[in-house]
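Using the hints, position chain B against chain A.
What follows is the residue order along each chain.
There are 2 protein chains.
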Amino acid sequence: MMNAEIICVGTELLLGNIVNTNAAFIAERLSRLGIGCYNQCVVGDNMDRVLAQLKESSSRSDIIILSGGLGPTEDDMTKEAVAKFCRLPLVEDAASRKSIEEYFAKRGSEPTENNWKQALLPKGATAVPNANGTAPGIILETKACKYILLPGPPVELEAMFDTQIMPYLSSLGNGVIFSRTVKLVGVGESKAETMIKDMIDAQTNPTIATYAKTGEVHIRVTASAADEKEGKKLVKPVVKELKARFGSDVYTTEEGVGLEEAILDLLKAGSMTLSTVESCTGGLIGSRIVSVPGASDVYKCGFITYSNKSKRKLVGVKKGTLDKYGAVSKQVASEMAKGGASVSKSDVCISVTGIAGPDGGTEEKPVGLVYIGCCVKGEVKVKEFRFSGNRSKIRNLSATNGLILARECILEYMSKVNFG
Amino acid sequence: MMNAEIICVGTELLLGNIVNTNAAFIAERLSRLGIGCYNQCVVGDNMDRVLAQLKESSSRSDIIILSGGLGPTEDDMTKEAVAKFCRLPLVEDAASRKSIEEYFAKRGSEPTENNWKQALLPKGATAVPNANGTAPGIILETKACKYILLPGPPVELEAMFDTQIMPYLSSLGNGVIFSRTVKLVGVGESKAETMIKDMIDAQTNPTIATYAKTGEVHIRVTASAADEKEGKKLVKPVVKELKARFGSDVYTTEEGVGLEEAILDLLKAGSMTLSTVESCTGGLIGSRIVSVPGASDVYKCGFITYSNKSKRKLVGVKKGTLDKYGAVSKQVASEMAKGGASVSKSDVCISVTGIAGPDGGTEEKPVGLVYIGCCVKGEVKVKEFRFSGNRSKIRNLSATNGLILARECILEYMSKVNFG
Numbered sequence: 001m002m003n004a005e006i007i008c009v010g011t012e013l014l015l016g017n018i019v020n021t022n023a024a025f026i027a028e029r030l031s032r033l034g035i036g037c038y039n040q041c042v043v044g045d046n047m048d049r050v051l052a053q054l055k056e057s058s059s060r061s062d063i064i065i066l067s068g069g070l071g072p073t074e075d076d077m078t079k080e081a082v083a084k085f086c087r088l089p090l091v092e093d094a095a096s097r098k099s100i101e102e103y104f105a106k107r108g109s110e111p112t113e114n115n116w117k118q119a120l121l122p123k124g125a126t127a128v129p130n131a132n133g134t135a136p137g138i139i140l141e142t143k144a145c146k147y148i149l150l151p152g153p154p155v156e157l158e159a160m161f162d163t164q165i166m167p168y169l170s171s172l173g174n175g176v177i178f179s180r181t182v183k184l185v186g187v188g189e190s191k192a193e194t195m196i197k198d199m200i201d202a203q204t205n206p207t208i209a210t211y212a213k214t215g216e217v218h219i220r221v222t223a224s225a226a227d228e229k230e231g232k233k234l235v236k237p238v239v240k241e242l243k244a245r246f247g248s249d250v251y252t253t254e255e256g257v258g259l260e261e262a263i264l265d266l267l268k269a270g271s272m273t274l275s276t277v278e279s280c281t282g283g284l285i286g287s288r289i290v291s292v293p294g295a296s297d298v299y300k301c302g303f304i305t306y307s308n309k310s311k312r313k314l315v316g317v318k319k320g321t322l323d324k325y326g327a328v329s330k331q332v333a334s335e336m337a338k339g340g341a342s343v344s345k346s347d348v349c350i351s352v353t354g355i356a357g358p359d360g361g362t363e364e365k366p367v368g369l370v371y372i373g374c375c376v377k378g379e380v381k382v383k384e385f386r387f388s389g390n391r392s393k394i395r396n397l398s399a400t401n402g403l404i405l406a407r408e409c410i411l412e413y414m415s416k417v418n419f420g
Numbered sequence: 001m002m003n004a005e006i007i008c009v010g011t012e013l014l015l016g017n018i019v020n021t022n023a024a025f026i027a028e029r030l031s032r033l034g035i036g037c038y039n040q041c042v043v044g045d046n047m048d049r050v051l052a053q054l055k056e057s058s059s060r061s062d063i064i065i066l067s068g069g070l071g072p073t074e075d076d077m078t079k080e081a082v083a084k085f086c087r088l089p090l091v092e093d094a095a096s097r098k099s100i101e102e103y104f105a106k107r108g109s110e111p112t113e114n115n116w117k118q119a120l121l122p123k124g125a126t127a128v129p130n131a132n133g134t135a136p137g138i139i140l141e142t143k144a145c146k147y148i149l150l151p152g153p154p155v156e157l158e159a160m161f162d163t164q165i166m167p168y169l170s171s172l173g174n175g176v177i178f179s180r181t182v183k184l185v186g187v188g189e190s191k192a193e194t195m196i197k198d199m200i201d202a203q204t205n206p207t208i209a210t211y212a213k214t215g216e217v218h219i220r221v222t223a224s225a226a227d228e229k230e231g232k233k234l235v236k237p238v239v240k241e242l243k244a245r246f247g248s249d250v251y252t253t254e255e256g257v258g259l260e261e262a263i264l265d266l267l268k269a270g271s272m273t274l275s276t277v278e279s280c281t282g283g284l285i286g287s288r289i290v291s292v293p294g295a296s297d298v299y300k301c302g303f304i305t306y307s308n309k310s311k312r313k314l315v316g317v318k319k320g321t322l323d324k325y326g327a328v329s330k331q332v333a334s335e336m337a338k339g340g341a342s343v344s345k346s347d348v349c350i351s352v353t354g355i356a357g358p359d360g361g362t363e364e365k366p367v368g369l370v371y372i373g374c375c376v377k378g379e380v381k382v383k384e385f386r387f388s389g390n391r392s393k394i395r396n397l398s399a400t401n402g403l404i405l406a407r408e409c410i411l412e413y414m415s416k417v418n419f420g
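Line by line, the protein sequences are chains A and B. Residue numbers for the first sequence, in the numbering used here: 1 to 420. Residue numbers for the second sequence, in the numbering used here: 1 to 420.
Honestly, the hints are just simulated from the structure, not real lab data. Honestly, I wouldn't trust all of these hints.
Identical copies look the same in the list; a pair holds intra-copy or inter-copy alike.
[As the list claims (entries may be wrong)] Only pairs whose alpha carbons sit at most 27 Å apart, straight line, appear in this in silico BS3-like list of lysine-lysine: (1) 98 to 393; (2) 345 to 318; (3) 309 to 377; (4) 232 to 377; (5) 309 to 268; (6) 146 to 268; (7) 416 to 117; (8) 213 to 240; (9) 345 to 313; (10) 55 to 309; (11) 106 to 381; (12) 84 to 98; (13) 324 to 106; (14) 106 to 365; (15) 416 to 240; (16) 345 to 383; (17) 213 to 393; (18) 98 to 213; (19) 236 to 123; (20) 330 to 106.
With the rest of the complex left out, here is chain A:
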């Protein structure tokens, strides 16, 4: 099997000025192609360090993908480093020079002297046109290695990769990697792993790995196979077994589908609508729902009832309930969910009220105490949670558990309606 590695060049990455999304993007594409990738690294805009990295990388990898450092300024030197390392001169590529001319002509501006630097290629290399910028990508094949040089800006790199580098890499390989992710809620990572320890111990191809997310566990099943058909065939029985073991805790096996989307799909299937009433999460649940394109088919509206007064005024929580039990109580969470459903005339309403801290906790009601409610067709269920962590963690756990409770209540309702 071929293996690749990723070298991201840029002092701004070493200083933490920007997050390295290019590495994740390239890695994900490589894994789709079944090209192994065991190393990612970041080096600064420094000739000696890039050369040292190239020496090390070329000793262990077949394909070396570099991103960044192809720009016109003096500290851009990725291309120069690769040429030097491979002992190749830089020569001007006529097509690249022409496309730089055209790029500037289109914008009605003049290239500066250093822009022409971007038309130089290591001798024998191929330029990869850049639809979104002036720096072409470069593919250089030597006896030892294949070098792929890509521009740093994600919008340029991503488009170039998908349109031109993916076909190039596919043409090199044999076989594919096929994977499916089984996504769970309602079970912790340790427990999930214990439940499938026999499968993990026995794994060869496909492999099985668990990943913990906030309130979720993802189990990825990955097969290497001659083609996609064989990959699917290898993965299918394992996914089936996982679904059997985890039952309704599995909310999806689709790669791109998150918990929000799974719930929206459930609601769509049942022709039901949704609303939210949030206190300590302050709109986090609404925001996660709206992050799904097309949420408007299902999601009607949300209330951020941060003050007690707004709990009463916007969704009709009773003054007596607030006085007697306090804003963070089972009773208030229940009235919030019922009130939200009623005011918005939605079938399902999620409510959250809690103490996110760092202040506001008492002995009896400590920071981390959160009540989450869900009303489905008039019936409310409320759960008490005691989360730990800082304000941000408590709020995120509350939002995720709001979605998890909603899923549970909707499934219960649906099974009653269908089989009752």
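Frame of chain A, contents of chain B only:
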């Protein structure tokens, strides 16, 4: 000068399942401390590869920071690799065992057998308590190197780093690094840099660096000094000069204060209250406001008016306005802001309506078109934006610009009231 390097352990990073925000976070903190960092890398959950990386890293760096692989499952083996590399046995840390017990007791659940693995430490190492999870961090000092092992989940890592690792790292250096960040809105990074080019060119100690954030620019002034007093003295005149050049575009010079908090402080100072009416952001602005502890003094409530009907019903947008101009229009943004302020009886109301995509755009109203409104004491200002990027980027830019517009309108109102 000490130098550090970052090793992020995790197959999910190599496969591109998640973006490596930990590396950027740690790198940024190291640069604040004046600790050089020339290498970042990612290795999979594989004993041999982590060992090989430790060998290489320990040959060139004083401090090796590892993130990830401290979890309870079998593929978590960062700690085991470091112990093996340093030829140290793993021994149980009583305090860590106790805090795992407490963590589960608090949740009313039982730890599984593999959770106890998290209480093991390389002999002679120090456990670093984890306020947000079960895996403690680890500091191990050997003759050759200092190893810092951190949990992978960003919420755990970030809190642990700021509260416990920063003081530890500071204590290693001679002298202190003192820095202040001048945070700006309303000016791009290139322009900001041009406005202070003379200062950047002349910098020695303190140094000046600009960082672009979504809709913001941060200018960090960093002095290395014998003690904090000297550091403050060096930084003060530079911050003063920056404030003079950027005027009211500076929203804070406090490290921990974000735009949300700066706005809440402004409102508190003016004894004013706030509400929000959000469509495409779906609660993002509310959620950012509620992320600030004590927001309840100022923030009354929010409306997520995702459907047209909810825009009418909840905040009184007129049917005629929706029919004539469409939901994404200056007029609707204006009525949303006015209506929200009136229904919630708040002094200030921020509204957002836009097309976040990927669908729903037309020739006339393309994806990325967003109207943001702000009503202060009955007076509304609406701005039109044309953002580019994916759904998430457009929504985040909308939320940030909602906060920026609110700040602008509140400042205008205050200057009128005070000096009018």
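Inset, instruction - Any hints from earlier that this structure breaks? Give me their numbers in increasing order, please. - result: 4, 6, 7, 10, 19
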